[in-house]
Amino acid sequence: MYNAQPAFWATIPFFVLLSAIATMPLVNGRWWGKYYPAVTLGISLPTMVYYLAVLHDPVPLTDSLYQYAGFIALIGSLFIIAGGIHIRLKGRSRPLTNVLFLGAGALAANFIGTTGASMILIRPYLRVNKYRIKPYHVIFFIFVVSNIGGALTPVGDPPLFVGYLKGIPFFWSIVNLWYIWALAVAAVLIVFYLIDLKSFREMSRGNQNQALGEGEQGEVQGLHNLIFLSVVLVAVFVTHPPFLREALMVAAAAGSYLTTPSQVHRKNMFDFVPIKEVAILFAGIFITMVPALEWIGQHASGFGLGSPGEFYWMTGALSSVLDNTPTYLNLLSAAIGRFVGGSQLVSSLPPAVLLLSAKKVVVQAISIGAVFFGAMTYIGNGPNFMVKSISEQSGVECPPFLTYVLRYSVPILLPIFILIWLIFFR
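Numbered as in the working numbering, the sequence shown ends at 426 without a single skipped number.
No lab work stands behind these hints, which were simulated from the structure alone. Since the model is a prediction, treat every value here as computed from it, not as a measurement. Cβ atoms here follow ideal geometry from the backbone N, Cα and C, with glycine treated the same way. Careful, some of the hints might be misleading.
Below, computed lysine-lysine pairings styled on BS3-like, alpha-carbon distance capped at 27 Å [unchecked claim]:
| hint | residue 1 | residue 2 |
| --- | --- | --- |
| 1 | LYS134 | LYS198 |
| 2 | LYS276 | LYS130 |
| 3 | LYS166 | LYS360 |
| 4 | LYS130 | LYS267 |
| 5 | LYS134 | LYS276 |
| 6 | LYS267 | LYS90 |
| 7 | LYS134 | LYS34 |
| 8 | LYS276 | LYS90 |
| 9 | LYS90 | LYS134 |
| 10 | LYS166 | LYS359 |
| 11 | LYS166 | LYS90 |
| 12 | LYS34 | LYS276 |
| 13 | LYS198 | LYS130 |
| 14 | LYS130 | LYS90 |
Simulated restraints, written as ranges between beta carbons of each label pair [stated by the list, open to error]:
| hint | residue 1 | residue 2 | range |
| --- | --- | --- | --- |
| 15 | LEU100 | MET203 | 18 to 24 Å |
| 16 | SER230 | PRO415 | 37 to 43 Å |
| 17 | LYS360 | VAL234 | 29 to 35 Å |
| 18 | VAL49 | GLY337 | 28 to 34 Å |
| 19 | ILE280 | LEU100 | 34 to 40 Å |
| 20 | LEU419 | VAL49 | 41 to 47 Å |
| 21 | LEU226 | GLY103 | 19 to 25 Å |
| 22 | LEU226 | ALA247 | 16 to 22 Å |
| 23 | LYS276 | SER199 | 31 to 37 Å |
| 24 | LYS198 | PRO58 | 53 to 59 Å |
| 25 | MET203 | LEU419 | 55 to 61 Å |
| 26 | THR259 | ALA279 | 20 to 26 Å |
| 27 | MET269 | GLN5 | 47 to 53 Å |
With the sequences and hints as input, model every part of the structure.
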């Protein structure tokens, strides 16, 4: 907890930036595509000036930028390494095949993280569906692979990894969250199957045959990049000294880029445009969200949260628009204060372990809220925007921010999340 007490109005730049990301592509997409770096910088400047010149407290800002460095090192290195792995599956764009592909991606997310699974699998997924690819294919990939899938291990999603560092046992997630994970993944995949089956049946017979990819051959190139991928995954567990983790990730990305044949990059249509967009927009997000996260951290204990459902919805709502890792930490701290109190001061056990003993279901609610609700918006989780950018680069017209929320996440995900609340956290 820092000494500085940011005013609530200091959160305005964050909401202005969020509004710009949501609306400007609709109002004037060409202008936004050209000037979004300048707009992001302009909106971020008041927050930087506020902390440096008004509060005279640069620590929260520098801490957030350090977290941003780790975020962009991870997502950027995985983007570059995945760009050197070319996978073309033998075309079989059947609805059931797509369901199996997404299900396998959900499992893979727990071993290589939602970011790693998203970066490696999105291009083969787009290729196998290239003759009938539609926006909903990308949206459900974001739902399942980039978010919900990673709820079983600390490797799967950063909030769970931070929980592990705070004392929650490594295998706690898979033991205590698997049945919630299974219900959510199954429900989303059933909805996807029905939509995809309807779309497939509406195609002409000739287009169906083309979509099934008769005569296409599978191909895999660049598997040496799995070595560099392993380096990045191991580096995730490196916490000291500062910046060693990021240095290992950058080194792995450089090694991958330099050793990958140019024809593999051409087949993947690889360039740095998607990571550039994510790097710029999320730099602004990490800066402008500092007052919001600080305000939440200072007032979380006063939110009056008591039931698991309240922790579930609060964590989920905040994780939809804020970085889910500090959101997870703030709500976990609030739960410790609420259910453990000062007992951690006289115990050798970590506070998070004491909370598991006192109120395990609350930790379940916070964990699920942090991981699942990242799928509600493009900025809810880092891989979301990357998948959108890569898909658009491949020619898929992904829905803008508001359309994503109003047409897909609210009518599809929200009822499923309500069902989870009713069954497990009410």
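Going through the numbered hints above, which ones does this structure break? Give me the numbers in ascending order. Violated hints: 8, 11, 25; rest satisfied.
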